[in-house]
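Residue numbers (the working numbering), protein chains in the order written: chain R, 1 to 262; chain L, 1 to 217.
Simulated from the structure, these hints should not be mistaken for laboratory data. Watch out, some of these pointers could steer you wrong.
[What the hints assert, rightly or not] Covered by chain R, per the in silico footprint, the following chain L stretches (three or more residues, Cβ under 8 Å): (1) 135-142; (2) 146-159; (3) 162-175.
Because the structure is a prediction, the values reported are computed rather than measured. C-beta: ideal position from N, C-alpha, C; glycine also.
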Amino acid sequence: MQVSTKDFQLLIILVTLIFLIAPLFLVIYINLYNSRKKRHIDEKAVMKEDFEAEILQAQMEIREQTMQTIGSDLHDNIGQLLSLTNLTLKSVELNDRDKSQQKIDTAIGLTSRSIQELRSLGKLFQGEQLISKGLSIAINHELEWLNRLEKYQINYNNDVAGNLQLSADKELILFRLFQETLNNIIKHAEATSISVFLDYAADNLTLTIEDNGVGFNTTVVQKASAGMGLQNIHKRANLIGGEATIDSRSGLGTIVQIKVPY
Amino acid sequence: MNAYLSINILVELICFIIACICLSGDKSTTWKSWIVYLLITCTTEITGKILRHAHDTHLNEFIYNIYILFEAGFTTALLSKILCPYTNAKPVIYGGLSLLILLYIIEIVQHGVYVFNNMTTTVMSVLFVLYGLYYYYLLLKDERYIKLKRHAPFWWVTGIVFFYFGSTVSNLIFSIIVVEDNSDTFRYNIYLSLNILLYSFLSYSFLCRYLQRTSSS
Numbered sequence: 001m002q003v004s005t006k007d008f009q010l011l012i013i014l015v016t017l018i019f020l021i022a023p024l025f026l027v028i029y030i031n032l033y034n035s036r037k038k039r040h041i042d043e044k045a046v047m048k049e050d051f052e053a054e055i056l057q058a059q060m061e062i063r064e065q066t067m068q069t070i071g072s073d074l075h076d077n078i079g080q081l082l083s084l085t086n087l088t089l090k091s092v093e094l095n096d097r098d099k100s101q102q103k104i105d106t107a108i109g110l111t112s113r114s115i116q117e118l119r120s121l122g123k124l125f126q127g128e129q130l131i132s133k134g135l136s137i138a139i140n141h142e143l144e145w146l147n148r149l150e151k152y153q154i155n156y157n158n159d160v161a162g163n164l165q166l167s168a169d170k171e172l173i174l175f176r177l178f179q180e181t182l183n184n185i186i187k188h189a190e191a192t193s194i195s196v197f198l199d200y201a202a203d204n205l206t207l208t209i210e211d212n213g214v215g216f217n218t219t220v221v222q223k224a225s226a227g228m229g230l231q232n233i234h235k236r237a238n239l240i241g242g243e244a245t246i247d248s249r250s251g252l253g254t255i256v257q258i259k260v261p262y
Numbered sequence: 001m002n003a004y005l006s007i008n009i010l011v012e013l014i015c016f017i018i019a020c021i022c023l024s025g026d027k028s029t030t031w032k033s034w035i036v037y038l039l040i041t042c043t044t045e046i047t048g049k050i051l052r053h054a055h056d057t058h059l060n061e062f063i064y065n066i067y068i069l070f071e072a073g074f075t076t077a078l079l080s081k082i083l084c085p086y087t088n089a090k091p092v093i094y095g096g097l098s099l100l101i102l103l104y105i106i107e108i109v110q111h112g113v114y115v116f117n118n119m120t121t122t123v124m125s126v127l128f129v130l131y132g133l134y135y136y137y138l139l140l141k142d143e144r145y146i147k148l149k150r151h152a153p154f155w156w157v158t159g160i161v162f163f164y165f166g167s168t169v170s171n172l173i174f175s176i177i178v179v180e181d182n183s184d185t186f187r188y189n190i191y192l193s194l195n196i197l198l199y200s201f202l203s204y205s206f207l208c209r210y211l212q213r214t215s216s217s
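Can you build the whole structure from these sequences, using the hints too?
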């Protein structure tokens, strides 16, 4: 092929320039992509900080609520029981042996109830120690304690093979949600049977708590509740990336299901 | 310029001096070895210039044929070192090097040592461009953020990609098109521009390397 020198030179310059523009754009693109990578890393760091702050806030709220529960239980429940024990023992007349025996028996019964209430309060403090052994063991421990009361027929079905490890913060929040639901059943449900299912499928850990108690209208209760309650169960489940569903009808018991991605 | 110097040689000498200043204290032997390579480059260019002046083209081409071996060896070694943190590049690098050696031997057998190995040079350029693009791909794939402004391997690879990308095109066009007159001067000017580009990037990368070393110590 014979080409004139001028055309040839122009062609070479053009082609070389075009071939140099290609890597130039590539270098510019890599620079832009790298800047985006930095922005993404910064955003991730901010999100992580926010998440940690929210977890901390939730933990503080849980602690505050625990303290309130302890305070009100000590004042309204254990305090009353001990006052009643005090009054009963004061009213013992040693001359009347039969009546005295009856009152001492009543006082013994009240003291036993106080001890039981104190033990149940003590459980609230144990959460963090229990969860260090794993969620499944902590739930089992809690249910064993409830079983000793002989008030409920307990059914625990654990389908999780081995010991799955969520982050410690997430596990604690999930366990507190479980405790919260269990306390609600004890206080309000008037149930005779409690069933707990722990299941792991499709990268989701599902905790289901069922009771055969009186149930309630979820819409009415959700609107009425303030602070801790059903709304907080939803909020905390969302905080650990999961979701909570509460299914209840008057007279038909309640099903609380918390699903957390693993 | 006189018989021993040209703009091209001057640019290479400047880059060699910068390499001496910036890389003499470098912990990496591969980076440091580029001082030796640039010395070989300058020596080859000066010798080539003298031989050209004496109209001894055969010896000139023989010298550049030897230089190809150094060029392939030193560039491959540093590319391997740069790719190493991202992937196991040894199979690709050794594969490429084996191909170059094979081509080199074939060309020597075909036309002897006194004719420049064009095919080897063209394939080598293509290989280096591919390695460079592979490095860019690994860099994009990597999740870590790197300050590219002061990242020596990035600028070194950029210099290599620009130079070999441009020279491959010129090599190919010059090999298929026949020009009657003053093509040598024009060809020289194209290579000179590409060389200035290459040695600017290389010098900057050596400077980045130096700054990285001094700021971390």
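Whether chain R covers the region 146-159 of chain L (at least 3 residues having a Cβ closer than 8 Å to its Cβ atoms): Three-residue rule met by the region 146-159 of chain L, so holds; n is 4.
Tell me if chain R covers the region 162-175 of chain L under the three-residue, 8 Å CB rule, please? Since three or more residues must qualify, the claim that chain R covers the region 162-175 of chain L holds, with 8 doing so at under 8 Å.
Quick one: see if chain R covers the region 135-142 of chain L, three-plus residues with Cβ-Cβ under 8 Å. Result for this restraint: holds, n = 3.
Going down the numbered hints, you'll see the structure goes against none, and every one checks out.
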